[in-house]
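Q: Now for the letters of each chain:
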Amino acid sequence: MTNIKPNQNLPRGEVIPPVIGPDPSLAYGFTPEPVRAPTKPHLFISLPKRRGGKWLRSLRRDVRALRQSRPLTIAMFCLIAVLMLTPIVFTFLYSFFPKGEITTYLGLRNRYDATKWLDVLYAPSVVSLRQYYTILIEEPEYLKLFVNSAMYGGAILLGQTLIIPMTAYALSRFAFRGRDTLFFLVLMLMLLPFQVTMAPSVMTLRALGLLNTPWAIILPSIFSPFYIFLLRQFMVGIPGEIIEAGQMDGTGTLRTFAHVVLPVCRPILGAAAALSFADCWNLVEQPLVYLTDSRLQPLSVMFNKMNEEGQAVAFAGAALYLLPMLLIYIYFQDDILLGVQLSELK
Amino acid sequence: MFTRKKTVWLYLMPGFLGLLAFYFVPFFWGVWFSLTDGTIDNKFVGFQNYLNVWRNEIFQLGLKNTLELSLLCAPVIFVLAFLLASLMRKRVAGDGFFRNALLMPYLMPSSAMLIIWLLMFDYGGVINRMVTAMGFERVFWLEGGALRVPIVLLYIWKNLGFSVVIFTAALQAVPESLYEYAALEGAGFFRRQFSITLPQVLPTAFLVFVLAMVNAFKIFKEVYVIGGAYPEESVYTLQHYMNNKFAKLDYQDVTTAAYSFAVIVIVLFLLMYRAKSVRQGENAA
Numbered sequence: 001m002t003n004i005k006p007n008q009n010l011p012r013g014e015v016i017p018p019v020i021g022p023d024p025s026l027a028y029g030f031t032p033e034p035v036r037a038p039t040k041p042h043l044f045i046s047l048p049k050r051r052g053g054k055w056l057r058s059l060r061r062d063v064r065a066l067r068q069s070r071p072l073t074i075a076m077f078c079l080i081a082v083l084m085l086t087p088i089v090f091t092f093l094y095s096f097f098p099k100g101e102i103t104t105y106l107g108l109r110n111r112y113d114a115t116k117w118l119d120v121l122y123a124p125s126v127v128s129l130r131q132y133y134t135i136l137i138e139e140p141e142y143l144k145l146f147v148n149s150a151m152y153g154g155a156i157l158l159g160q161t162l163i164i165p166m167t168a169y170a171l172s173r174f175a176f177r178g179r180d181t182l183f184f185l186v187l188m189l190m191l192l193p194f195q196v197t198m199a200p201s202v203m204t205l206r207a208l209g210l211l212n213t214p215w216a217i218i219l220p221s222i223f224s225p226f227y228i229f230l231l232r233q234f235m236v237g238i239p240g241e242i243i244e245a246g247q248m249d250g251t252g253t254l255r256t257f258a259h260v261v262l263p264v265c266r267p268i269l270g271a272a273a274a275l276s277f278a279d280c281w282n283l284v285e286q287p288l289v290y291l292t293d294s295r296l297q298p299l300s301v302m303f304n305k306m307n308e309e310g311q312a313v314a315f316a317g318a319a320l321y322l323l324p325m326l327l328i329y330i331y332f333q334d335d336i337l338l339g340v341q342l343s344e345l346k
Numbered sequence: 001m002f003t004r005k006k007t008v009w010l011y012l013m014p015g016f017l018g019l020l021a022f023y024f025v026p027f028f029w030g031v032w033f034s035l036t037d038g039t040i041d042n043k044f045v046g047f048q049n050y051l052n053v054w055r056n057e058i059f060q061l062g063l064k065n066t067l068e069l070s071l072l073c074a075p076v077i078f079v080l081a082f083l084l085a086s087l088m089r090k091r092v093a094g095d096g097f098f099r100n101a102l103l104m105p106y107l108m109p110s111s112a113m114l115i116i117w118l119l120m121f122d123y124g125g126v127i128n129r130m131v132t133a134m135g136f137e138r139v140f141w142l143e144g145g146a147l148r149v150p151i152v153l154l155y156i157w158k159n160l161g162f163s164v165v166i167f168t169a170a171l172q173a174v175p176e177s178l179y180e181y182a183a184l185e186g187a188g189f190f191r192r193q194f195s196i197t198l199p200q201v202l203p204t205a206f207l208v209f210v211l212a213m214v215n216a217f218k219i220f221k222e223v224y225v226i227g228g229a230y231p232e233e234s235v236y237t238l239q240h241y242m243n244n245k246f247a248k249l250d251y252q253d254v255t256t257a258a259y260s261f262a263v264i265v266i267v268l269f270l271l272m273y274r275a276k277s278v279r280q281g282e283n284a285a
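Quick note, the sequences are listed as chains L and U, same order. Under my numbering, the first sequence has 53 at position 53, and the numbering climbs by one with no breaks. Under my numbering, the second sequence has 55 at position 55, and the numbering climbs by one with no breaks.
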């Protein structure tokens, strides 16, 4: 609009005479506004593009929103956000307390004495990294479990990266007999709790000789129905034109997969990776059933058993345990939002 | 869409074989399990196992608790998610931060939160301070029926953000012009919510509810983290029953209980699927 060249022949501000011809209101159902010549002389200087990265722009948007916003809603949001983050923040805070202070503090629990309260501690007497030192260097048991968890997570993620996009591609962009039945089965398995197939899974894994090895955890999780479903939903939504355009140029299915489908899927792949890693990090049921050797257990199962002995370092343990997920969340937050929005059944 | 391409097998096979080995075969093998007697001849006994398991009191307790816990979690998550999502429909300052704060717990491992939860729900802890501040007696949160409260709260803390995000997306998809027309026609706030928001998001709302329900059936990690393998009677879920039967190598009972439960979940899912078809029918019309 701003680039319309003003009609130099017209005096400024004057009404342009109506167009000669049939009444335009008959054609469009409304009377057009008489066009006026611009009242100001036009500037033909293009404004410089707004600078600032994504962060600055979102800040600007927030400031603008603040001006026209509802303070009550914001106050409520803040309250809820604080409530949601409090457990995480306090876990990190307490991890910097000296061990003695934590032991004393935790010892004060379970006094069923109606006259006494458990104080909330806000600051340590001395900021100390002693808890971290203990779990990382003095007693390597925690570190071993942590490495177990990371190993399971890494192996599962690697396997999923290889298998799941391919399977989802086959289920979404190919027509073959039995596809819908297969997809329905995947969907159903996604909804059922793990325990439904627990006993026969153990028999199967035993028959394959995998029981009580790390593979018992890794292999089934690689073929997780939920992530097949999630990716398939996204791939179904890719417009057919993009793929047909490739077909016109003679690309085969593999080229289409590698150069068209996967790049389009980038955000959902990020989301799936983050959510899947979170799942592995939080595995409880499978290791309990598939692994009898406690040295193979991941942190998620052993964490609280360990705590019973070493309460003094419980918070550093919990904080370190949360840390990878926190970083992953921060890094993938936009993708995760998208992934969750997509996990609605469509 | 590729049709009649042989290469599909190349893409499908690895995933299909894995699904077959680790999901489909166990699933159907389990059906067979639940219909046989588990002795050496493995006789076919029909529905005898089902009758036995359903008469088992511990199974009944587990089923009752699982259903009750889900009926507690799902509506609470649903209502909270709807309220928060309708507030978030319009952008306000810092709602990106708020959404992240809500969704972040979804990734946090439950077991790492145990220690802070025990502190909060201690007899002298923060929660009891609030309770007394409101003029009630202190509660023994970690025993008996009250133990459900910390578990349900841990579950809600973890899963609320998930529903809020789905709901917000659905609400933001409702065209703004509908509200403007309604406002022009003189519809008030509540009238607008009931006549526009509700019908527009009803299919999503139903899905959120059923998903919350189905996921609440899987509430086990939280109970295991707080209560262990043999928790208080009030939170002994069906999954505990199955895990403990499993530990006793009673595979018949495990699978029978599992499929009884699976039937419930699948019926719910089919209801959801029907609602989905109804919605698509409406859209097509």
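To be clear, the hints were calculated from the coordinates, so they are not data collected in a lab. From the three backbone atoms N, C-alpha and C, an ideal C-beta is built for every residue, glycine too. Check before you lean on any hint, since a few could be wrong.
[Claimed, not checked] When the alpha-carbon atoms are kept at most 30 Å apart in a straight line, the in silico DSSO-like pairs for lysine-lysine are as follows:
1. U/221 x L/144
2. U/221 x U/248
3. L/99 x U/248
4. U/64 x U/221
5. L/305 x U/248
6. L/305 x L/144
7. L/99 x L/144
8. U/218 x U/64
9. U/43 x L/99
10. L/99 x L/116
11. L/144 x U/218
12. U/248 x U/64
13. U/43 x L/305
14. L/305 x L/116
15. U/43 x U/248
16. L/305 x L/99
17. U/218 x U/248
18. L/305 x U/218
[Stated by the list, open to error] With beta-carbon atoms standing in for the labels, derived distance ranges:
19. L/58 x U/7: 17 to 25 Å
20. L/305 x U/271: 38 to 46 Å
21. L/141 x U/230: 21 to 29 Å
22. L/247 x U/68: 50 to 58 Å
Q: Tell me if the straight-line CA distance from residue 305 of chain L to residue 99 of chain L falls inside 30 Å.
A: Roughly 19 Å separates the two Cα atoms, so the pair holds.
Q: If I claimed the Cβ atoms of residue 247 of chain L and residue 68 of chain U lie 50 to 58 Å apart, would that claim hold in this structure?
A: 54 Å, holds
Q: What's the verdict on residue 305 of chain L and residue 218 of chain U, does the C-alpha distance respect the 30 Å limit or exceed it?
A: Holds, at about 22 Å.
Q: Between the alpha carbons of residue 221 of chain U and residue 144 of chain L, is the straight-line distance 30 Å or under?
A: Distance of about 22 Å is within 30 Å: holds.
Q: With respect to the beta-carbon atoms only, verify the hint that residue 58 of chain L and residue 7 of chain U lie 17 to 25 Å apart.
A: 43 Å, violated
Q: Can you confirm whether the C-alpha distance between residue 144 of chain L and residue 218 of chain U stays at or below 30 Å?
A: 29 Å, holds
Q: Assess, step by step, whether the Cα of residue 99 of chain L is no farther than 30 Å from the Cα of residue 248 of chain U, and give holds or violated.
A: 40 Å, violated
Q: Can you tell me whether the CB distance of residue 141 of chain L to residue 230 of chain U sits inside 21 to 29 Å?
A: This hint holds: roughly 25 Å between Cβ atoms.
Q: Between residue 218 of chain U and residue 248 of chain U, is the straight-line Cα distance small enough, at 30 Å or below?
A: Distance of about 22 Å is within 30 Å: holds.
Q: That 38 to 46 Å hint for residue 305 of chain L and residue 271 of chain U (C-beta), does it hold up?
A: 40 Å, holds
Q: Take the C-alpha atoms of residue 305 of chain L and residue 248 of chain U, compute the straight-line distance between them, and say whether it is at most 30 Å.
A: 22 Å, holds
Q: Need the status of pair residue 99 of chain L, residue 144 of chain L: alpha-carbon distance at most 30 Å?
A: Judged against 30 Å, a Cα distance of about 21 Å means the pair holds.
Consistency note: the structure conflicts with the earlier hints numbered 3, 9, 13, 19.
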